[in-house]
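Asker: Chain by chain, the residues:
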Amino acid sequence: MLLARLLDDKFAALYRAGKIHGGVFLARGQEALSASIGVSLKKTDVFAPLIRDTAGRLAFGEPVLDAVRTYLGSPLGPMRGRDGNVHRGRPQEGYLPMISHLGAMISVVNGVLFARRLKKISGTVGAACIGDGATSTGAFHEALNQAAVEKLPLVLVVANNQYAYSTPTSFQFACENLADKAAGYGVESYSIDGTDLSVCLKMVGDAVAKARAGDGPQLIVAKLLRLCGHGEHDDASYLDPQLKSSPLGRDCLKVAEEFLLQNKFADAAQIAVWRSESIREIEEAVAKVQREPAPNPFAENWTAISSEHLSETHTNHE
Amino acid sequence: MSLTYIDAIREAQAHALRDDPRVFIYGQDVGAFGGAFKATKNLAKEFPGRVLDSPISEDAMVGLAVGAAIEGLRPIIEMQFADFSTVGFNQIVNQAATLFWRTNVPCPITVRLPFGGTSGGGPFHSQCIETIYAHYPGLIVLTPATVEDAYSMLLEAVALDDPVIFCEHKFLYRHLKAEKLPSEALPIGKARIAREGRDLTIVTYSAMVHEALEAATELSAEGWEIEIVDLRSVKPLDTDTVMASVARTGKLLCVGEAWPWGGVTAEVIARVASEGYGLLDAPPQRLNAKDTPVPYHPNLWTAHRPTARAVAAAARKLLRT
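Read top to bottom, the protein sequences are chains B and D.
Sequential numbering of the first sequence, starting at 185, is according to the working numbering.
Sequential numbering of the second sequence, starting at 78, is according to the working numbering.
One chain only, chain B, in its complex shape (with noise of 0.2 Å):
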């Protein structure tokens, strides 16, 4: 949580100094529930994360490096300068590329749940991660209740942070609760504070246990209030104040830090020194790749298919 809240704060320094192409997108105030989904996920699961689970990635085990490279457009990193930002992930290792398309990756972690069937594989979970404005597509439907008939073990864990963009839930979707659309799919469903990490833990952690015991999809829904633009060119101004000021506005890295005080799982002591670890792994990955050469347009091999030999080549005049 800490190195995300951390690295994410690298990259809007980075945004603000001119060094990033493209937007840079914080997960500020989501990094308990996403830091949850990555630590209760074991190695050889799925996770499909979107734009603010910087700490759900890495707790699930991407590098820095995966991360700075991306957004530097190093084309040494995963993604080779051909896609930025959020947008990175290692398909083999389980660890799945979000396109923009909201709730379109769902589908695509049930293929790899699906296919492990087949193959016989047993115990994998997938997560998928959402935000309340891709509950309204029908890229989430479909693959939600595809799920439910196959009796996936997938988790979807949809981060209701109350805006999508800029727009309210209110005009998001009628239901009192998100949660209960589970019912009409006939999935079992949580609502859960997402700013509390002991209870995102818990919670999290137990869809997972169940989804891997065979019980079938779970949909995890936190409430929790983004506390951050849409993305670092967003001053975020539409938020309700009243929002902010609520518990559902409490940041929750403030609230882990309490928590761990209160129980004496660690001193203040420590976490200073964690955060001083985190800032100094932060700053050598990015002078590293800053020294990384930029991709280079004449190395380019401008090919989208793997079947080179069926490229088309005529439509590319030299």
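Please keep in mind that the hints were generated in silico from the structure rather than gathered at the bench.
We put the beta carbon where it would ideally sit given N, CA and C, even for glycine.
Don't take every hint at face value.
Straight line, CA to CA, 27 Å or less: simulated DSSO-like cross-link-like pairs of lysine-lysine [unchecked claim]:
hint, chain 1, residue 1, chain 2, residue 2
1, B, K335, B, K226
2, B, K428, B, K194
3, D, K122, B, K335
4, D, K367, D, K394
5, B, K304, D, K118
6, D, K122, B, K304
7, B, K303, D, K118
8, D, K122, B, K303
Some chain D residues near chain B, calculated using beta-carbon distances under 8 Å [stated by the list, open to error]:
hint, residue
9, L150
10, T163
11, N167
12, P214
13, G215
14, D238
15, G266
16, P313
To list a few chain D residues with every Cβ distance to chain B over 12 Å, as calculated [said to hold, decoys possible]:
hint, residue
17, M78
18, S79
19, E256
20, P375
21, A387
22, T398
The hints should help you fit chain D onto chain B, whose structure is shown.
Answerer: Same frame as chain B, now just chain D:
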């Protein structure tokens, strides 16, 4: 024994399932029922657990296929009608078509689209939408016109490491027959000379190959020898074979059942005009369906799409210029 085009598609899938344990079929009604057109008849029984019914969710069907491909399998997705694939369009063009380019992980999925017009099909069971898929980088788009090609190209599609849009023409399903399945075939990416001639080249694909052949027979009675190029795959497009034919005949007519704006016929003409302008003795022409949705009544439908008569008329006009 004689085999139809749909038999060939069924046999190719049986062959793929038998030879490669990574292959499975997923689609609406494909299981015990055997598919809306019976392209998967008895396959669920022959290959238990590998021919599976899906809910009516084209988006999730393709998304699932992409996930399975990432996991190393080779899914075949049957769309009940090509027209419905637009519901899964996002997953095809944004997820499947970009996966390899983004991640270096291949996406070997085959999406079977029963496409094209049949009498009484109407606006939502007749569409030819190969163009919109061919437009997106990352996809291979196949349009077999013969029983032999339906078989060999589907087998090759499943073996390819890239997403393939396999456009199988519903009008040909039971009209075409062959004595046996081929043991060898032209590879994907190579066009075929369906008829040799010296006076004019018709470039076409799928069901229109047969309309063009009929037109050529009619015109030969008038003394004209028409050469017909069957593209077989519209992406990649075998420009070399087209250009060589135009070099022989000097005249080009492109025929497609799809709508006229943009598309395969426009692409062929653009290539010949820009790369082989000097080969042409007359302005290249094209013949497509009318720019309206596909009508239901046979009187309207036969006037909407190019027929042998319309192809012959267009060819005659070009031959006289």
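Asker: State for each hint whether it applies.
Answerer: How the hints compare with the structure:
no.: 1; hint: K335(B) <-> K226(B); in the structure: holds (20 Å)
no.: 2; hint: K428(B) <-> K194(B); in the structure: holds (24 Å)
no.: 3; hint: K122(D) <-> K335(B); in the structure: holds (22 Å)
no.: 4; hint: K367(D) <-> K394(D); in the structure: holds (19 Å)
no.: 5; hint: K304(B) <-> K118(D); in the structure: holds (25 Å)
no.: 6; hint: K122(D) <-> K304(B); in the structure: holds (19 Å)
no.: 7; hint: K303(B) <-> K118(D); in the structure: holds (24 Å)
no.: 8; hint: K122(D) <-> K303(B); in the structure: holds (19 Å)
no.: 9; hint: L150; in the structure: holds (5 Å)
no.: 10; hint: T163; in the structure: violated (12 Å)
no.: 11; hint: N167; in the structure: holds (5 Å)
no.: 12; hint: P214; in the structure: holds (4 Å)
no.: 13; hint: G215; in the structure: holds (4 Å)
no.: 14; hint: D238; in the structure: holds (5 Å)
no.: 15; hint: G266; in the structure: holds (5 Å)
no.: 16; hint: P313; in the structure: holds (5 Å)
no.: 17; hint: M78; in the structure: holds (33 Å)
no.: 18; hint: S79; in the structure: holds (32 Å)
no.: 19; hint: E256; in the structure: holds (30 Å)
no.: 20; hint: P375; in the structure: holds (35 Å)
no.: 21; hint: A387; in the structure: holds (29 Å)
no.: 22; hint: T398; in the structure: holds (27 Å)
In summary, the structure is inconsistent with hint 10 from the numbered list given earlier, while agreeing with all the others.
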